[in-house]
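Colleague: As a plain string of letters, each chain reads:
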Amino acid sequence: MAEREELISAFSAQARLLGAEVYRASSPGEARALVKEIIESTGVRRVALASSPLLASLDLIPVIEAAGAELVKGSLREQAETAEMGITAFELAVAETGTLVHDATELDTRLFSMLPLVHLALVPVRGLVANLEEALNYWLTRGEIPGYLAFVSGPSRTADIERVLTVGVHGPGRLLIVLLGEEEVCSHE
Amino acid sequence: MNELREKVKKALANRRVSWALTHFADNYVIAREKAYAGKDFATLRQKVAQIKEETIARLEELAEQFTREATRRGAVVYRAASAEEARAYIADLARAKGIETVVKSKSMATEELHLNRYLQQQGLEVVETDLGEWIIQLSGQRPSHLVMPAIHLSRQEVAEIFREKLGVEVEPDIGRMVKLARRELRKKFLGAWMGISGANLAVAETGTLVILTNEGNARLTTTLPPVHVVVVGLEKLVPRLVDIVPVLEVLPRSATAQILTSYVTLITGSVPAVDPEGNYLPQKELHIILLDNGRTRMAADPVFREALKCIRCAACLNVCPVYQQLGGTFGAVYTGGIGVILTAFFTGFEEAAQLQELCLGCQRCREYCSANIDLPGLIEELRRRVVAKKGVGPAARVALAGILPRRRLFHTFLRTAARLQAPWVKEGKLCRLPFFPELTEGRALPPLSLVPFRDRTARLPRPQSPRGKVLFFSGCLIDYVFPRIGEAVDRVLAAMGWELVHPKGQGCCGFPVWQAGLPGTFARLAQQNLAALAEIEAEAVITACPTCTVALKYLYPEVLKGDAKWAELARVLAEKVTDFSSFVWERREEILPILAPIRERITYHDSCHLKYTLRADRAPRELLLAGGAELKEMAPPELCCGFGGSFTLKFPELSRAILKRKLQAIEGSGAETVALDCPGCLWQIGSVFSGKAKHTAEILAESLKYPLAL
Numbered sequence: 001m002a003e004r005e006e007l008i009s010a011f012s013a014q015a016r017l018l019g020a021e022v023y024r025a026s027s028p029g030e031a032r033a034l035v036k037e038i039i040e041s042t043g044v045r046r047v048a049l050a051s052s053p054l055l056a057s058l059d060l061i062p063v064i065e066a067a068g069a070e071l072v073k074g075s076l077r078e079q080a081e082t083a084e085m086g087i088t089a090f091e092l093a094v095a096e097t098g099t100l101v102h103d104a105t106e107l108d109t110r111l112f113s114m115l116p117l118v119h120l121a122l123v124p125v126r127g128l129v130a131n132l133e134e135a136l137n138y139w140l141t142r143g144e145i146p147g148y149l150a151f152v153s154g155p156s157r158t159a160d161i162e163r164v165l166t167v168g169v170h171g172p173g174r175l176l177i178v179l180l181g182e183e184e185v186c187s188h189e
Numbered sequence: 001m002n003e004l005r006e007k008v009k010k011a012l013a014n015r016r017v018s019w020a021l022t023h024f025a026d027n028y029v030i031a032r033e034k035a036y037a038g039k040d041f042a043t044l045r046q047k048v049a050q051i052k053e054e055t056i057a058r059l060e061e062l063a064e065q066f067t068r069e070a071t072r073r074g075a076v077v078y079r080a081a082s083a084e085e086a087r088a089y090i091a092d093l094a095r096a097k098g099i100e101t102v103v104k105s106k107s108m109a110t111e112e113l114h115l116n117r118y119l120q121q122q123g124l125e126v127v128e129t130d131l132g133e134w135i136i137q138l139s140g141q142r143p144s145h146l147v148m149p150a151i152h153l154s155r156q157e158v159a160e161i162f163r164e165k166l167g168v169e170v171e172p173d174i175g176r177m178v179k180l181a182r183r184e185l186r187k188k189f190l191g192a193w194m195g196i197s198g199a200n201l202a203v204a205e206t207g208t209l210v211i212l213t214n215e216g217n218a219r220l221t222t223t224l225p226p227v228h229v230v231v232v233g234l235e236k237l238v239p240r241l242v243d244i245v246p247v248l249e250v251l252p253r254s255a256t257a258q259i260l261t262s263y264v265t266l267i268t269g270s271v272p273a274v275d276p277e278g279n280y281l282p283q284k285e286l287h288i289i290l291l292d293n294g295r296t297r298m299a300a301d302p303v304f305r306e307a308l309k310c311i312r313c314a315a316c317l318n319v320c321p322v323y324q325q326l327g328g329t330f331g332a333v334y335t336g337g338i339g340v341i342l343t344a345f346f347t348g349f350e351e352a353a354q355l356q357e358l359c360l361g362c363q364r365c366r367e368y369c370s371a372n373i374d375l376p377g378l379i380e381e382l383r384r385r386v387v388a389k390k391g392v393g394p395a396a397r398v399a400l401a402g403i404l405p406r407r408r409l410f411h412t413f414l415r416t417a418a419r420l421q422a423p424w425v426k427e428g429k430l431c432r433l434p435f436f437p438e439l440t441e442g443r444a445l446p447p448l449s450l451v452p453f454r455d456r457t458a459r460l461p462r463p464q465s466p467r468g469k470v471l472f473f474s475g476c477l478i479d480y481v482f483p484r485i486g487e488a489v490d491r492v493l494a495a496m497g498w499e500l501v502h503p504k505g506q507g508c509c510g511f512p513v514w515q516a517g518l519p520g521t522f523a524r525l526a527q528q529n530l531a532a533l534a535e536i537e538a539e540a541v542i543t544a545c546p547t548c549t550v551a552l553k554y555l556y557p558e559v560l561k562g563d564a565k566w567a568e569l570a571r572v573l574a575e576k577v578t579d580f581s582s583f584v585w586e587r588r589e590e591i592l593p594i595l596a597p598i599r600e601r602i603t604y605h606d607s608c609h610l611k612y613t614l615r616a617d618r619a620p621r622e623l624l625l626a627g628g629a630e631l632k633e634m635a636p637p638e639l640c641c642g643f644g645g646s647f648t649l650k651f652p653e654l655s656r657a658i659l660k661r662k663l664q665a666i667e668g669s670g671a672e673t674v675a676l677d678c679p680g681c682l683w684q685i686g687s688v689f690s691g692k693a694k695h696t697a698e699i700l701a702e703s704l705k706y707p708l709a710l
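If you're matching them up, the sequences are chains A and B in order. The working numbering numbers the first residue of the first sequence as 1 and each following residue consecutively. The working numbering numbers the first residue of the second sequence as 1 and each following residue consecutively.
Hints should not be assumed to be uniformly reliable.
With a cut-off of at most 25 Å between alpha-carbon atoms, the simulated SDA-like pairs for lysine to any residue come out as follows [to be verified]:
| hint | chain 1 | residue 1 | chain 2 | residue 2 |
| --- | --- | --- | --- | --- |
| 1 | B | Lys187 | A | Glu78 |
| 2 | A | Lys73 | B | Pro276 |
| 3 | B | Lys660 | B | Arg621 |
| 4 | B | Lys187 | A | Ser75 |
| 5 | B | Lys179 | A | Thr42 |
| 6 | B | Lys34 | A | Leu17 |
| 7 | B | Lys39 | A | Ser9 |
| 8 | B | Lys188 | A | Glu106 |
| 9 | B | Lys47 | A | Leu140 |
| 10 | B | Lys34 | A | Glu134 |
| 11 | B | Lys34 | A | Val22 |
| 12 | B | Lys565 | B | Glu539 |
| 13 | B | Lys34 | A | Glu6 |
Everything labelled a hint here was simulated from the structure, so no lab data went into it.
Can you build the whole structure from these sequences, using the hints too?
Modeller: Okay, structure coming up:
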């Protein structure tokens, strides 16, 4: 457990260095409150929510509505285009590099993490790994590598004009990360 | 040749390029060092090199495995032998599907194909989506850097390009211009039916493509359009998925001093998509073009196969003093030293034959290469092949192949020139030479000495009961331009108790000939010098010129290794060769007691051969410090002076531009004296520096408590 705490603090420090904002929730209830707060503070009105077991278990639709925002509608493309915030889940967080990793083969996960200007990423703390090699090994030991595996480190950035760092060029300009802690008991994995 | 020099002059006239590149380069070295904190670069790059070596050895096998795996996962893999085949495949695909709009994410392989121009000729709209590439595309220019294509443009110029090409008024504010780009390019992404990308790696084991970006444009390119075409060079293959880790660790650190790029995307086979009309496709089309275009030929070349290890981090460009001045002019599609080598195989030997002249041979790039490529060695080999094919040109043939190897003729020539130069010597400096006016313009070069070092040796001090005998290999510059350095070497060594002998049969070390690509002539000079040095039994061979040291110590054994008569002698002698400062520092107990405190504020100039080949840059510093000097390091510490031997004659303007930067660093240190260990650097730096420029031997000789009488 101490080791996990070290990974969490290393990840958080590195992700922040890259310009991400990192939060922690130790229970689903805390997570829901945090998501509501984040939506309110960012002031977004239109939110796209990806489908994933983790996100489904948190039952975020009422949270989004309670925060005064609405879930975007229409085709996947329309949803992604109109959303100001995309919410997606990640499987892994790499401590050394401050990187999130997810299987983004499903189109909603991919589009909602790429197109909106604000990206809210939820990742369970049990998904913390030390380095990139451990992250790759995680996928290798699970059988076939997913069709679209995405590593995300901080917001979208460019320094193409005069080497001046500017965020939000094609992807999200803000990356907010919520680390989800589990209740102690479920340690059968 | 003159055509190239004109291009160089034109590039130098654009100060903006060199300003941006030098500014970036200085920060880059520091930021990169920080990014590698806690990592062992030497080990990491060795890993990368090993992986790539396996790739090169198993190229065809890995290509087949990749094809099988990617196909199994739903991709279509096309093996393109040439640029034409690759272009035609893409154009045919677009035509067959009725596609008119294409978005691209930055890819050097497609630059190599000149794909945009070709597709546009076929009537397609092709939009680059990497911000830098897009700006370059809008302006109709050429990328000036592998990683940062628009590094040479200012924000005002970018605003002007947007105004002119998009008809949008935008302030030259970077944040606003980035927003504008996002808005404009988002429309293109959403309307495109084909996305074209490159890939940084292709994994044979899994059929996976790996793409690194910061902006996220590759993610959109590979996600939104219903057809994705990847153009990837064969050399980007790696055997196993875990092999990507060392590359992921090195590439961003070396390229942009980042721990990791914002996005790393692993695409394995076909994935779902929604087309611009909203139709959901469970399996989008993924076409992977494995591009050969000279790569198999390169892999079969015993020397140049090494260049296929390149992972395109562009570190070699960032640290190259020539590239910093010229930008994209030093190269073709691929720029810098590595660009010259790749150009020779991928796009055109003739173009590369000309461009290789621009390498000044400082060796710095080798220190930074992410894949441990001996790039200076490859450029030397290219130069030899160019010379073998086309010769060296009439002036160089007379000077290098005709005069230099004939020692007596060469020395008579130098003595005659020393007498004839009188009308152009003013106050001990050479001014306004009639043959090379650019060389003397605005600076004062040292003239040839009327009495060369070899004529002064009889009067040099000698210890009463010597500890032993050492040979001095002076080299041409010390012998004929700076005999005072030879005298200083002698005085220091004599004071330490060593008898210095200067064998008269020695001539030019041959490096200029080697550098010009004439290994045969070089071998002849090596034999002459070996014969002269072998005549006298001695404990060591001392040099005070790092370039001569490199020739004697490394190049003679190399060039003579197959020669039954000379190989052994070259090897034995090489072990005895040492540069002056290292020799003295190793025996510091013999000198420190007889040294009066050096009361000078000194900055030390690293000569390229001393630092990067001999790795002897500590010894002179230690000596000066132990002698009591106040040592002020210059920032940045490791800049080439721009001499480069014949380089300064071929490209005087470029040489001067590099020197100017060196001068700023020296002056910035606040030191009154610049110390160095190379007469070539002294020739160059001494001609413009208003303070004192001295060889380490001179500083020590001046500080001897009991100098033996001359």
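Colleague: Hint check: Lys47 of chain B vs Leu140 of chain A, CA-CA at most 25 Å. Holds or violated?
Modeller: Judged against 25 Å, a Cα distance of about 21 Å means the pair holds.
Colleague: Take a quick look at whether Lys179 of chain B and Thr42 of chain A sit within 25 Å of each other, Cα to Cα.
Modeller: Holds, at about 19 Å.
Colleague: Would you mind confirming whether the straight-line C-alpha gap from Lys34 of chain B to Glu134 of chain A stays at or under 25 Å?
Modeller: holds (24 Å)
Colleague: Does Lys34 of chain B pair with Leu17 of chain A here, judged by a C-alpha cut-off of 25 Å?
Modeller: holds (14 Å)
Colleague: Within a Cα-Cα threshold of 25 Å, do Lys187 of chain B and Glu78 of chain A meet the stated pairing?
Modeller: Given pair Lys187 of chain B, Glu78 of chain A holds - Cα atoms ~13 Å apart, limit 25 Å.
Colleague: Need the status of pair Lys73 of chain A, Pro276 of chain B: alpha-carbon distance at most 25 Å?
Modeller: Cα-Cα ~17 Å, so holds.
Colleague: Is Lys660 of chain B within 25 Å of Arg621 of chain B, Cα to Cα?
Modeller: With Cα atoms ~23 Å apart, Lys660 of chain B and Arg621 of chain B stay inside 25 Å; holds.
Colleague: Are Lys188 of chain B and Glu106 of chain A close enough, with their CA atoms no more than 25 Å apart?
Modeller: holds (23 Å)
Colleague: If you draw a straight line from the CA of Lys39 of chain B to the CA of Ser9 of chain A, is it 25 Å or shorter?
Modeller: Measuring from Cα to Cα gives roughly 20 Å; hence the hint holds.
Colleague: Hey, Lys187 of chain B versus Ser75 of chain A, does the alpha-carbon distance stay inside 25 Å?
Modeller: holds (17 Å)
Colleague: Does Val22 of chain A lie within 25 Å of Lys34 of chain B when you go C-alpha to C-alpha?
Modeller: holds (23 Å)
Colleague: Is it true that the CA of Lys565 of chain B sits at most 25 Å from the CA of Glu539 of chain B?
Modeller: Between Lys565 of chain B and Glu539 of chain B the Cα gap is close to 22 Å, so the pair holds against 25 Å.
Violated hints: none; the structure is consistent with every hint.
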